[in-house]
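S.K.: The primary structure of each chain is shown beneath.
There are 2 protein chains.
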Amino acid sequence: MIVRDLTEIEALSVDVAGAKGVTKRVLISEVDGAPNFIMRQFSIRPGGNTPYHTHDWEHVIYVLSGAGQVKHSEGVHNLKAGGSALVLPNEEHGFVNTGDKPLVFLCSIPK
Amino acid sequence: MIVRDLTEIEALSVDVAGAKGVTKRVLISEVDGAPNFIMRQFSIRPGGNTPYHTHDWEHVIYVLSGAGQVKHSEGVHNLKAGGSALVLPNEEHGFVNTGDKPLVFLCSIPK
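Keeping their order, the protein sequence lines are chains W and G.
Quick note on our numbering: the first sequence kicks off at 1 and runs consecutively.
Quick note on our numbering: the second sequence kicks off at 1 and runs consecutively.
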């Protein structure tokens, strides 16, 4: 069993093309022996966004704090604390902070 | 893409043997088309606990609010908001609310 506090986990800048003001913490991963999926926490600063992109794996999302939107091919959904989302494999998506505080969410992916 | 607010999701009483004061919301699941894993939110009232048990799948945990402990075969770990945990397959575990507010956490499992 592994238990850790958020403060133990380094926040890494996400420097991929199209990302603006995004940091990531890997909370639980295959390095810990997780058999099936990986849980990360993302923080997007006000005015920032993740890349608008697609890939062949899903995202399972839970919004911890802040306000924002997830853009997709057919429009946008608003996000706030307590919101959950499923981005299916190959769905275009991008997360945008539309508020004045960090938009913080969990994003789990398959291993 | 599915986006939903917590308030849209019914809280179900967990009435399995050994559970005390536990409710569950299924946030994202195979019903939504999730290919690999299921995200649930549990709330344990003060004085309550989940069963102390084991099974052959893992839990990936994120603590949203409250204070508690996860018991396992070798002792206990304290839990508080921002804490994450990995319970490996076949590890004995049970969650206990040791505080005076609900202990609320996400618990994801493989499909």
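Note that these hints are calculated values from the structure, not bench results.
Watch out, some of these pointers could steer you wrong.
The list treats identical chains as interchangeable, and a pair is accepted whether it falls inside one copy or across any two copies.
Claimed, not checked - Lysine-lysine pairs mimicking DSS-like chemistry, simulated, CA-CA at most 30 Å apart: (1) K80 / K24; (2) K101 / K20; (3) K71 / K20; (4) K101 / K80; (5) K20 / K111; (6) K71 / K101; (7) K111 / K80.
The structure presented is a predicted model; accordingly, all values stated were derived computationally and were not measured.
S.K.: Now tell me if each hint is right for this structure.
M.R.: Going through the hints against the structure:
1. K80 / K24: For K80 and K24, the Cα distance is within 30 Å both inside one copy (18 Å) and across copies (20 Å).
2. K101 / K20: Within. Shortest intra-copy distance 15 Å satisfies the 30 Å Cα cut-off; inter-copy 37 Å does not.
3. K71 / K20: within (15 Å within a copy, 41 Å between copies)
4. K101 / K80: Both: 12 Å inside a chain and 22 Å across chains, each within 30 Å.
5. K20 / K111: Classified as within: same-chain Cα gap 25 Å, cross-chain 33 Å, threshold 30 Å.
6. K71 / K101: So K71 and K101 pass the 30 Å test inside one copy only (19 Å; across, 36 Å).
7. K111 / K80: both (27 Å within a copy, 26 Å between copies)
Consistency note: the structure conflicts with none of the earlier hints.
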